[in-house]
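Student: Please take these sequences and the hints and turn them into a complete structure.
Chains as they are written, first to last, in the working numbering: chain A, 1 to 636; chain B, 1 to 101; chain C, 1 to 194; chain D, 1 to 499; chain E, 1 to 477.
Keep in mind that the hints are not guaranteed to be accurate.
Said to hold, decoys possible - 35 Å max Cα-Cα, derived DSBU-like pairs, lysine-lysine:
| hint | chain 1 | residue 1 | chain 2 | residue 2 |
| --- | --- | --- | --- | --- |
| 1 | E | Lys101 | C | Lys182 |
| 2 | D | Lys364 | A | Lys372 |
| 3 | A | Lys580 | A | Lys554 |
| 4 | D | Lys367 | E | Lys358 |
| 5 | D | Lys107 | E | Lys358 |
| 6 | A | Lys597 | E | Lys101 |
| 7 | B | Lys98 | E | Lys101 |
| 8 | E | Lys358 | D | Lys24 |
| 9 | A | Lys571 | D | Lys107 |
| 10 | D | Lys364 | A | Lys162 |
| 11 | A | Lys571 | D | Lys24 |
| 12 | B | Lys100 | C | Lys182 |
| 13 | B | Lys100 | E | Lys33 |
Keep in mind that the hints were calculated from the coordinates and are not lab data.
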Amino acid sequence: MLENLIISIPILLVLSSAVMGFSSSKLTNINAGIISSILVFISFIFSLVIFYYSFTNENSILYDDFYQWISISGLNIGMGYLIDKLSAMMMVVVLLISFVVHVYSIGYMRDEKDFKRFFSYIALFTFSMILLVMSNNLIQLFIGWEGVGLVSYLLIGFFYKKESAIKANLKAFLINRIGDMFFIIGIIMIFVLLDSFDYKTMFSNLKLVDISNLEYYYGFNYIDIACFFLFIGAMAKSAQIPLHVWLPDSMEGPTPISALIHAATMVTAGIFMVARLSPVYIYAEVTTDFILIIGALTALFIGVIAIFDNDIKKVIAYSTISQLGYMVSALGINAYTVSFFHLYTHAFFKALLFLCAGSVIMSLHHNQDITKMGGLRKRLPITHFCFLVGTLCIIGFPLTSGFFSKDLILEVMLYENTDLSFFVYILLLIGALVTTVYSLRLIFIVFYGTYRGGDIKKIHEESFVILSPLIILATLSLISGFVIHTFVELPIFMFGVKEIHYEGLLPFISHGVLSPASVTLIAGFFIAKHLYLDNKEISFLSNKYFKKISMIIKSKYKFDEFFLNCSDFMKATSYFAATKFDIKIIDSFIVNGLPRKINKLSTYFKSVSSGYLYHYAFLIVFSLVVIFGIILARVL
Amino acid sequence: MITMTHYLVFSALLFCISVAGIFINRKNILLLLMSIELMLLSVNTNFIIFSNYSNDITGQVFVFFILAVAAAESAIGLAIIVSLFRARNSLEINLINKLKG
Amino acid sequence: MDIISILFYLVTSVVIISSIGLIIVNNTVHAALLLVLIFFNTAVLWLMMNAEFLAIVLVLVYVGAVLVLFLFVIMLLDIQVKKTVSKKLYLLFSVTISAIMFAELYLVIFYHDFQNSTVEIVNKNTSNTYEIGLLLFTEHIFSFEVTAFILLVAIIAAIAINMTDRQRALRQDPGKQILETKEKRLKILKDDEL
Amino acid sequence: MINNILSFLIWLPIISGLMILFYKRNDAVLNFLNIIINFIVFFLSLILLNSYNQTSTNFQFIENTNWIPSLNIYYFLGVDAISVLLIFLNTIIFLIVSLYNSTLNLKNRNQYYASFLLANGLTIGVFSALDAILFYIFFEALLIPMFLIIGIWGGANRIYASIKFFIYTFLGSILLLIAFLYINSSISSFNVLSFYESNFSLIEQEWLFIAMAIAFAIKIPMFPFHTWLPDAHVEAPTSGSVVLAAILLKVGAYGFIRYVLPVVPLGASSLDMFFIILSLIAIVYVGIVAITQNDMKKLIAYSSISHMGFVTLGFFLIFQLFDSTKIQNDIVVSLSGSMYQIISHGFVSAALFICVGSIYDRYKTKKISDLSGLLNQMPVYSWFFVFFALANCGLPGTSSFVGELLIILASFKTSFIFAFLASSTLIISAVYSLWLVKRVIYGELKAGLNNDIDANFLEKIILFSLALIVLILGIYPDYMMTYMNITLQNLTNNIILKI
Amino acid sequence: MNLNDTLMSLSNFAPEIFLFFMAMTILLAGIFKSLKKHVINITIVSTIIAMLLSFFAYTDDSVFIFNDSLIKSNVTEFFKIICYIVFLIQILISQKYLRDKELISGEFYSLLLFALIGCLIIISANNLITLFLGIELSSLSLYSLIALNRTSLISGEAAIKYFVLSIIASALILFGFSYLYGITNSLMINEIANYLSNNELSNLYLFSYILVFIGVAFKFAVAPFHMWLPDVYEGAPLPITNFIASIPKIAFFIFAYRFLNDNQILYDDNFSKFILYLGIFSIFIGNMYALAQQKIMRMLAYSGVANSGFIFLAIFASLEFNFSVAAFYVITYTVTTVSAISIITFISSNKFDVVYIKDLKGLSSKSGLISVLFMITLLSTAGIPLTIGFYAKYLVLDALVDQDMIITAVIVVLLTVIGLYYYLRVIWFMFFEKGFNSLVKSSGTINLIILSIIPLLIIAIFIFPDFVFSYLFAILT
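Tutor: Shown next as structure tokens:
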């Protein structure tokens, strides 16, 4: 029964995708959207059942193969599922947000010509994500991994006539591919070590492997390298420095997509993967330190960029990267459940923020520039409310979901009690301050003050189809933090994590409120209020050193330029190789050159033939003499 | 004492000279024909030498045939030369190189 | 040195010198006459090797017929021979090659061991002509017939090559001229045929 | 009938091809005949696929007649799983090509069809011949129809391309002939099975290997011998390109697996590093060369070379694998990867060439710089194009991924560096495929491109069926993997025994 | 020689004697205006009759006729029949061409028959005299035939070149003969060839053989004795070229076969190397020169030079095998060349001679059949599979490899690849270039059928080659 449910989820999603993709024009857009949403909703219900099952039956793991992908001697790869609490939870989140976005999109995309194509894509995306989440082996994970990347590629380029959109999607795909290249090597390294792609077998084989006696490459442990490579894949997917550059650009896609893919689900695949492979990762000590640093740097430095950006979606995108940095840094201290908790809360409030932004953008007729907004609070009250909820969550206002998850990360970071983790803790604290500043800046500039874009009278709330998802998500954002104990006690797969001191909800709240994070919250509020609500200058900020720093930040640390240079270099190399080496040297000089030489020789021969009878006769006699001479020399 | 080798060497020398005649000569084709006659003459001499040496008359029979054929050859050669001369009004070998390469 | 040797050296030196002369003289008539000289002297050599019949045939057929033919052609064609000088290098080269060729042949012949190789004039009971005739008409009868055909071919060829067609003579035929069309008259020529 | 199925498969298309040469009255009838013949051949190959016994290590459907007793040449046909799959690939591709051809505007339609039918039969001959000379004859004769196809129906520079194609491949194959003759002179048989039992000294094997490897390396083509392929592809008509990429390159790969690896394994293993490096150069360097090509066909041609680099990499890794792991299964994995790559590339490249060809038919240009935003005018085509471009860059779920995965896996077992270089294709292939898509398919429609005709019904069927095959092969590779597993194990045994 | 012998000889040599008779008849017929137009028919009919006579008189045992001047055996009769067939094809195809060139006359056909008879005599010859006379009969007729084309300047030039050089070659052969006669004291070919089985090899014998084979090389046009061939190909009227390219080659192959079969000299390193290197050099020169040619006949001529090189390699290879390899090569080459030249003859019209390769431009669009036939012929000459030419080259390479001459085989093979280019060039002009010359002729059903015979055979024998191989192997052993 349960197996059937599990199988039917991906099947329903593929069905939805195929129906939307190949249906004739008789199916109207609205109907198509409704059908698609219903199918996703059914899947969501199924996933709830599965979720319920896994959380009620302790230590029960659903595991089976649908079919054998490859089964030859020495290599067995199945396509199947492994449902434990982690994946069950993830499935629910994915399907829920997907459903919400489906509904939202019916309203948001209603005027698009390619409405059905859009729905086909998001169904396909949901399918790939489910494949990734429920997978029981690394290959299936990789298939889903690339699948979500593909759909992300297609969706960023959804408005294919826009030059910026098709540039962004290419960039997104290619940078993900860089990650994937390392990822696949990582997968293979794990396979070679553990002799299986299958999680179950892998982890049971792990116990047989003598970790300390493994091969070393350049002074690094085998398992470190493998995990490092896997993590590079995660870095690309979860937009960590320096492979984060694609995510802000990906905002060229339709806004619901930004909510679904580039905030709530796909970008967290990296986190999910590391959590999934946590039994391996705990052996990779060097790599986890690396993960920690990368996460912290991302959390702080990318967050800072958000303060200076004026595109409403990009600000949220940078904030996403920054929040992902928090999750990653939690992974760096093997606090997988904590990271996962933040993933879960973040999914709701970030999706909420994006959808609200979408609502604003739609109301303003596709204006995304926040300098042209302001004072929308009156005209868009529901959106404002929801946006406010989202903002409170992200800045970790007490009792909102963000408060719980972010505080937990900070706590475990402090609790880890090493030099590195303390340093990271400081960075994350500053990050929290930055988060407060940019989040409040956004809401202040957009919803408060006065409207800077023209006639405010024309602006009004969108339809209920748009607003109801906001409300659902807002509710979830507010309450989802209270299930903290579930997460803290969540065993990640068949392996325990480091114990976390958690003494109940109330002590946690009180401890959280009194922590340094609250100071950053208050400080951040005042800075933002001063700067953006009251529009006052802070003299400190007009200091020329700070200007210089802000210039660096505004340039986004030149990462884009770096990748641009890389691609230019590649093009130049390719051009050189194609024209100079391949055509000039191999083709012209050797392949055609040799025949040309022969032809030249031939023409020369032809030109020296005189056609005179006496030359012919002479040649005959000469040859005769030579032949005689040679043979005489041999016989005498 | 004149041995057969003397004769053979003479005949070989005659052959070489006539062969040289063919390619040293660049003036007219008639001389070519004459050189050819000379060449066949040396061949004939060879046959006669061997015929005499082995006391076998067959060699001389061969010479007889060669003589006949050589006469026929001269006839045809002269005919070709006459026809060439009619067409070109010249017998210079230097000018016969339309066909080349 | 016996008489045979003297005769041999005399005759051969005449032949060699005349043949060298033959290939270097400018005048064709002189060349033809030198050829006569060569044939006569060779005939003597052949006589020395007991080939009377062939010696006589050589004189009769060659001097009497073939060379006369040559002279006829020379006179008939009225050839003006321009004095063309061979390139020195080419000349030197050709002479060298011929010399080497001779040297090689000489080596080969010289090192071959012919037993009992003196050449003497012997008196035989049977006539040389008779013996040749006997062989010609018995053993080599087929070859003899073929030779006849070769001569026939020579005759046909000599005539056919130089025959002037009556049809090709320049005469006007008004009826034919009227019927003439462009297609019949025009012929595409290659550059090389000009 | 079933016992002579191979002969039927070979001679049916050849004879009907010759017969079709004499009919030129009605195009519709010609189209119909051509499709029917190709379909029958396809159907026969389906029967072959079905009735082949996967569990047996022997060659099956053997036909052995003493063809030329005085030269010791036999008409010896037989198939193992490798051949069966390649024959199946071959017949599908030719069926698809025949469908595609019937949509074209052609002069001398009957000759065109006849050439393809000849090529069809001859290729099946190549894949099923078990006598070396018979193989060689089919191998060489295959050049003639391809030469004519490129030369007569090709593009502006077709003469250069066709001559280069012919002479270059001929140059290689004639060395092959000498190698066969040499083998024959010492074991006095041209039978492949006796080739497998031959025992040459190391130095002999090395020379034989060089001779044969050059022949097949030109055909595949491997890195320094590859320059004929882009030229041939650019000038060939679309269907010609399809056959060239999907079938002809595979002939070279087939040669390696049938005549080189099991016959002269010692020679191959002593020179394998060189070939591994060439394969890696093909993957990385040729891939990079593909990026800035301005001609779509050239780009795909280079990408073909790059993908075939994987095939040869998989072939030549086996000796290193044997040295480092001594596990036979690893070798089988490597060979399976190569075989899978062969089949997969057949379909993907065929589809890409059909896409490009259709673009060319409509806009009369293959230059990327002349095209942009085709999605606006012909969405169906464009989406197929995008799909196949993605398949070309080895997206999981499509067939290309499977082969690449297995080969990267095998290469990691020998050396980390190999795996690293091989997996760089993930980036490089994505760069050239998707940049192509970006420039051609996406964006605003370029001014001056006018065409309202999207894919017609037949073209939709062609592309859809190809896409379906690519997807099925990607989603369920196990059928094929198991199909050829026994054969590859047997082959591996043969090789290992001789090292 | 008694009457019985004579009658026996006459009956055994009936076809040739009949041809002699008919040659003279034709000559006479040519004189009379009313009969002149029938000379072609008479020639055709008499050739057919001679061929049939030859065919029905075929036996497996060998007979010496005319006091051992001639030999008749299955080898001679087989090659003679091939000569007849080839000759028949040539004269059938050339009618129109000759009529256009106004070359049809009694003497033309009678000379042509004499040339044929000369070659048949070479094939049958058993002693040096008959051999020499056969050579001269055919060559003299051929010089005259070339010179008969009075209207063309280049024909005269070709005639004189062919004449002078050919006589030099004859003289070299005779010079060699004279020494051979001196050493072996015999004019019988088999005695000369068997001389070494009882005697030591002397230098003079070796050099005589080399002189003779330089003559043979000249007749085969093996480089560096090949210069006459391209000039004659270009200068002579096409039917004459066709003859020169084919029938004398067969005849001289038999010549070589007679001199070398069972002869120990083949095992002499110097002589075999002489043959081998001459062959390789010829392949090199032929291919190199052919590459740059613009004129189709010169191109074919140089390709002939290369193929003659292969024939020499095949002769070299008969060291280990027997002459069947060479025989097969000669027959293949002859037949394909005849096909090629016949096709060129056929498409040359009275207004337009096909001279340059580019004259064939777009031929396929005008006449597909002719182009396909020509393509098959060329591919066969190049040695591509599906044609009989493949086996020819295959056998030679096989023989070389069997003698462990791998390097030689590789060199030869690489040179062949060079050669491939110029054959392909003709194909490309026919098939790939657009726009044809409307003056090129391509009609005439009967001629087309005749032209198809050889290409069809080329492919048919490719498919069922064994009976040819085994037959040749049987008769030449």
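Student: All hints are to be evaluated individually against the structure, with a verdict given for each.
Tutor: Comparing the hints with the structure gives:
1. Lys101/E to Lys182/C: Holds. Lys101/E to Lys182/C sits at ~18 Å (cutoff 35 Å).
2. Lys364/D to Lys372/A: violated (47 Å)
3. Lys580/A to Lys554/A: The given pair, whose Cα atoms are some 40 Å apart, is violated under the 35 Å limit.
4. Lys367/D to Lys358/E: holds (32 Å)
5. Lys107/D to Lys358/E: Roughly 22 Å between the alpha carbons, so the hint for Lys107/D and Lys358/E holds.
6. Lys597/A to Lys101/E: violated (41 Å)
7. Lys98/B to Lys101/E: holds (21 Å)
8. Lys358/E to Lys24/D: Answer holds: Lys358/E to Lys24/D is near 28 Å, not above 35 Å.
9. Lys571/A to Lys107/D: violated (40 Å)
10. Lys364/D to Lys162/A: holds (26 Å)
11. Lys571/A to Lys24/D: At roughly 49 Å apart (the allowed maximum being 35 Å), Lys24/D and Lys571/A break the hint.
12. Lys100/B to Lys182/C: At roughly 33 Å apart (the allowed maximum being 35 Å), Lys182/C and Lys100/B satisfy the hint.
13. Lys100/B to Lys33/E: Not OK: Lys100/B and Lys33/E at ~40 Å, beyond 35 Å, violated.
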